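Single-letter residue listing:
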Amino acid sequence: MLEIFVDAALLTLIAIHAIAIIRMRSLFAVIMLFSGFSFLSAGLFVVMDAADVAFTEAAVGAGISTILMLATLALTYAPGEVHKEEKIPSHKPWLPLTVVLITGGMLIYGITDIPDFGDANAPAQKHVAPYYLEKSLPETGVPNVVTAVLASYRGFDTLGEVTVIFTAGIAVLLLIGGRRRIKTKLEAAGEERET
Amino acid sequence: MKHNLILRVVSKFLIPLIFLFALYVQFHGDFGPGGGFQAGVIFSAAIILYALVFGVDSAKQIIPPPILRFLASLGVLIYACTGVASLILGGNYLEYTVLASTQLAGQHLGILVVELGVGITVMSVMLIIFFAFAERGRPLEGNE
Chain A
1 MLEIFVDAAL LTLIAIHAIA IIRMRSLFAV IMLFSGFSFL SAGLFVVMDA
51 ADVAFTEAAV GAGISTILML ATLALTYAPG EVHKEEKIPS HKPWLPLTVV
101 LITGGMLIYG ITDIPDFGDA NAPAQKHVAP YYLEKSLPET GVPNVVTAVL
151 ASYRGFDTLG EVTVIFTAGI AVLLLIGGRR RIKTKLEAAG EERET
Chain B
1 MKHNLILRVV SKFLIPLIFL FALYVQFHGD FGPGGGFQAG VIFSAAIILY
51 ALVFGVDSAK QIIPPPILRF LASLGVLIYA CTGVASLILG GNYLEYTVLA
101 STQLAGQHLG ILVVELGVGI TVMSVMLIIF FAFAERGRPL EGNE
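Protein sequences, first through last, are from chains A and B.
Numbering follows this note's numbering, in which position 68 of the first sequence is assigned residue number 68; successive positions increment by one, without gaps.
Numbering follows this note's numbering, in which position 80 of the second sequence is assigned residue number 80; successive positions increment by one, without gaps.
No wet-lab data here; the hints were simulated from the structure.
Nothing here was measured: the structure is a model prediction, and the numbers come from that model.
Treat the hints with care, as some may be off.
Stretches of chain B that chain A covers, calculated by requiring three or more beta carbons in the stretch to come under 8 Å of a beta carbon on chain A [to be verified]:
| id | stretch |
| --- | --- |
| 1 | 11-24 |
| 2 | 40-49 |
| 3 | 65-73 |
| 4 | 76-82 |
Just so it is clear, CB atoms sit at the ideal spot from N, CA and C, and this is done for glycine as well.
Next up, chain B with everything else stripped away, as it sits in the complex (with noise of 0.2 Å):
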């Protein structure tokens, strides 16, 4: 599809919409509907128009894979740390309320990084699964 203009044009003017209705959707879930998991959904979406339109190996320029494999680990990390600095701090596993000075601080801080671990996580693995099917059956490069 790389001499579809009107694709290339429109989808240039899509994608940084979506980037940002991605990071509405992600940080403003506790108001609106919305959350780490529909917002990665919608910020790998974007991505993959730009991969679908521009072909998958000036995707993967933008985000190598070695790095969505970091990514998708580091979303659990940070989900799971959340618990465990909350242990730290002298309340129970993922209890937020210990991790600011009052309850209602502490939970919307906890709820925004947890927020944010779902959100890289189901981003990066989207990203996978869809590089991985993609990539499947096209012959090595330099091969021929």
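Bound conformation, chain A alone (with noise of 0.2 Å):
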């Protein structure tokens, strides 16, 4: 019963932040209500007890990902702009709207399809979920299991995943390391001057 309230108010939470989210028009409280958004998603994955998702979710998409989207929104504003302001669109909402129907709709028709939450015979609980269950621990002497299948049982994929941590680094550093040389106002002066 509890679970059911928790849920239900986790749930239109979020339901309002995304409604929020949509009709505002200023990018920095869009970003903070993004990070509210992932942390009540962290929320519900810690109803659904999974912990470690929820933990990588409040400290990736509440924490890390608000942070460097404020950052970018700080190198976008143009001299002299104050608040900065999503543009209203040009074009009529129609097309996209219809995208958003037909795909939303076909999501909802696909659920019905789904097992239930947590059913024992759901396919995924059938391949190798009870191995992972049944051995992990006399294999590998972890107790957590996301941890044993993380970095023993599917450690190639992990070592995957660190080097395109470790690729998007670079490209960062690439695209934006170094210092962009921004014209001092003297500078500037100077040039328009020469010329």
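Starting from the two chains in their separate frames, assemble the complex, guided by the hints.
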């Protein structure tokens, strides 16, 4: 009973966040709402007993990505601009709205075929999951099955993930590493005098 | 934000705790929730908090960018070398069982080392990205 109440409260708050994000024009407020959205999703993952995923969502989704989006916002300010506002779109929303409605309708139609949450007979629980749950403790000695799968059984995949993160770091360094030279007022004035 | 006394005092109190929590998540990830990825992000969050309150330059004095770049590659290297080590000891790539005398000890050691590599890389890449964004758009020093 309590779980249903918590679920309903979290989902309602998430829906309110989503609507607010769509309606808002101030980009700063939108980014902060995105952070709240992520944090509420993390709460939802906790209710579903996925502590590791919740952890990642709270740290990366609500924390780091908010900081990075704020940094991007600060970078894209035009000189003299005080509040960053989303531009009002020049075209009518009918085409995107149709696409969203059709896709959403198909997704909702698909929900009817999804097995119940925590269903022991779901295909996902029948394949390798029983093996991991039964064998991971005697085979690896690690009580946290998520860590055992991530670092040991799926070690190759995790190595790939770390490489992806590393590559992302290199890419950012190559694109916007090093400081961009911004002309100071004095320099700009000096150049004007020369021309 | 250099003159905001409350922020400075509170963050000085919080940052060591965040570091401690990151280390807990890192090395306790095989028993509780968490692991290298989350620990790296939390660790970098502490330094980002420091950078936000005390300025990017003082944060860079704690962890200079060249060291960050070194650490980012070191983490991947630790991970990959664990695989090579198990190859040399006669197992498959990333087969931790051969790393120690018993299977459980080997698995435990392998998971711990690999998670450490993940943590180091994630921490330094997050900071590299944050510093890159924070530095961008600031005028060069000594230019006036």
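Sort out which numbered hints this structure fails and list those numbers smallest first.
Violated: hint 1 alone.
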